[in-house]
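J.: Keeping their order, the protein sequence lines are chains A, B and C. Mapping the first sequence onto numbering that gives the first Met the number 0, position 11 (from 1) lands on 10, and the numbers just tick up by one. Mapping the second sequence onto numbering that gives the first Met the number 0, position 74 (from 1) lands on 73, and the numbers just tick up by one. Mapping the third sequence onto numbering that gives the first Met the number 0, position 502 (from 1) lands on 501, and the numbers just tick up by one.
Be careful, since some hints might not be right.
Claimed, not checked - As a list, the in silico DSBU-like pairs of lysine-lysine whose alpha-carbon atoms are at most 30 Å apart:
(1) A/K162 with C/K162
(2) B/K102 with B/K156
(3) C/K535 with B/K51
The set of hints was computed from the structure by calculation and includes no laboratory data.
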Amino acid sequence: MPVKGMPVRRPQTPGLLSTTYLPSIFKGMWITLRHIFRPKVTMQYPEEKWTLPDNYRGLPVLVKDDDGRTKCVACFLCEYVCPPKAITIQAREITTGVEKGPRTFDINMLRCIMCGYCEEVCPEQAIFLSKTYNLVGVSREQMIFDKEKLLEMGGVRHDPIRKWGRLLDPVGAARAAAPASEAGR
Amino acid sequence: MSLPVSTETDRQIDGLLGRFPQRGSALLPALHLIQAEKGHIPLEAMDYIAGKIGVSPAFVAGVVSFYTMFQQTPIGRHHIQVCCTLPCALRGAGSVMGYLERKLGIRRGGTTPDGKFTLSAVECLGACDTAPMFQINEEEYGQLDERRIDAILASLK
Amino acid sequence: MPDPTPPLPPAGPDEVALLIDDRPVVVRKGTTVLRAAEAAGLLIPHYCYHPGLSIAGNCRMCLIEIDKVPKLQIGCATAATQGMVVRTATPRVKTAREGIMEFLLINHPLDCPICDQAGECRLQQYEAAYGAGTSRFTDEKVHWPKRYDIGRSVVFDAERCIKCTRCIRFCDEISKSRELALFQRGDHAIIGTFPGKPLDNPYSGNTVDVCPVGALTWKPFRFKARVWFLRDVPSACAGCARGCNVNLGTYRNRVHRMTPRANLEVNRYWMCDAGRQSYAALTEQPRFERPLARPATDASEPIPWDEAVERAAALLREAVAAGADGVAAIVSARLSLEDLHVTQRALQAIGIGRVAVAPHEEGQDDHLLLRRDKTPNARGAALVGLGAPNAGRVKEILEDVSSGRVRGLLVVGEDPIGDGLIPASDLRRLPALVAIDWWKSPTVEAAGVALPACGYGEWEGTLVNFEGRAQRCRAALKPQGETEPVWRILAALARPFGFGAEYASASAVFDEAAAGIPALAGMSYRSLGTGGAKLKGA
């Protein structure tokens, strides 16, 4: 079946003045002239730096608690939720306090899209998006940040809730290690 | 192989085994016999009785731990069980317990260093009419006050 | 006016008909309501009930409402009766479940981030499905020992335990080792062992499987991978002649755990600890990824496949030309039926008539699963015509190797040096030694040409267990390096000798074998499915 078209209304043929382009040229020059007398808005980066808002989403980093303990317990939720699969974790058993921690914790910053899902999903408040936005490196390998680097970038973050407090204090830890048949006596 | 219990107790336990349609039923009376002999039920005795009855040692240990009246560790010769349930509590079980703790120099649950007394808090012993009361081993003592407690303890060897 | 209820279907003499949530069901007499609901396609949530164990009825999660019965009943221990009307989702039932969940979680440590069970935990699943979702408990929780070594391979966390006693019942009824018991009582109750008698039996791993929460965890799997990453590949264990049905839990091209897969005719719900850890060999034993050749006296070097096959064929051709009884082959009954079938055909094409299948025996058959025969496919070897495993014939061949009567030897999946059957120097002297194996065994290192094969978990194939049940093993991993399945290697090796068959896949090999072997008649990968099938006449 032949397709029936619809008639298209073309604009009127431009007038004599428009074909000289003079109105448009003056209009453009007027805009330029106006801006000459306005204050300058260009930021002189890197001498001058942006003041970032608190909810800015920069590179993700790992943090330690007030006692200097790596807060991450390698639960793998961030690895699971990470949309571009930038996070790779290997867990290990640790002998004191909390049983589990990361052996390796790598974030491929070339893949990271700073979406903040890792921060949101973290049950331990161990990973945060920092305000770091300048990511520099000369090879792909350099852009994979390991646990040490991420912890150094994150530093210590105060947390009033000591979730694992009982396991970390010596008395609680000793009780937690008692044999089952002895416990409760 | 030496038995963890006396031959007399062993013989009595053998006698028990035939009295129940299921051997397992003999466990509680057998444990009572062992505790009567030893004062408590040592691990070796649990292992021994498990082999005898045909249950696992873990099961026997579980039964022993279930009943608070079975002792798993050695206790004093005289086991003072102070009733702390409501009628006794209203009639002054708290001060009886406090007096005993001060007098013997131990906390409830503890044993005196000479191994003479063990003090523990228990639930109702069914002698509310003489509250406050305690039971020392199999013997009941009611209407306690400090003078009477002194006299009772002094009479015990 | 009550709602009109659907009519009950007719029931046979040993059957009862009942209604569960208005669904009519007919079940055998004596079936519990929980099982009847399963038959009707309804899940009644439960912790302590396990189909392979006795009924304890202590978790109270399976409470259901039965018309004309005043109180809620536990579905796991209530027998279905004729005309019974069961409701599993009334407000009363829902409130009861919420209450049970609240009680179970009151003292739960909520340490899911460090718990291996997270992701397959009944507490998580049921709280999401039936719980109130919030906690009203604001006091300090009761604390218990955590990370307690309750046995050789099992770690116990008493805070996570809900005292369902499944593990105790497993040790009492299935493994019969009876190490576990419930200690104390009431809210002090705790699972424990007798001092000095830890949880240490050949089946201890099953206590971890039956544990509905994270109280018992398997040491070798501890913190290796989160379960939601694992892809469970249905397969069969190759640790002994039982062939327990298993799932290979794989993640990032690595098997992280092996768990039993229910098959009531083979292993029911269980598997042994040795089988459970058998996947570890693949990463623990040294592999070789490219064919190796030993020119004259030098150490073996990697060479390309084409060249390796050519050189191996040349070695065997020379040996066969010197006299057919001067060449022999030792074949493993740990290979799949497909491997053995092609091996048998290839040996004929090459002209090797003297073949022995090596036996591996250890321990004794036990009351549950473990078999003395550690070869998973001895029946398969006999089936394809290679003969049953025979230590005497292996010994004869190796004696003839030592005395120099045998000048050419093809070893497929066996390691006579490592098994201590022959000194390495005797095999090294052999003019033609071709070895095919998945790991770098001493025999591989002594071989003139060694061809790398896929290991367990990498190959696809069929095993025939001691009862004559053919079961499929599925490939869970990509083959490491340039390794190939044994059937493909042998087909290539025999091609210069006029072996014409080409196979696209293991499935095609099986189809050929099934066409030629009466006991396999009519079988295919599709018909074997995940549960396997008995041989004709077995």
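J.: Does each hint fit the structure? Answer for all of them.
T.: Consistency of the hints with the structure:
1. At most 30 Å may separate the alpha-carbon atoms for a hinted pair to count; A/K162 and C/K162 meet this at roughly 25 Å.
2. At most 30 Å may separate the alpha-carbon atoms for a hinted pair to count; B/K102 and B/K156 meet this at roughly 16 Å.
3. At roughly 49 Å between alpha-carbon atoms, C/K535 and B/K51 are farther apart than 30 Å, so this suggested pair is violated.
Checked against the numbered hints above, the structure breaks only hint 3 and satisfies the rest.
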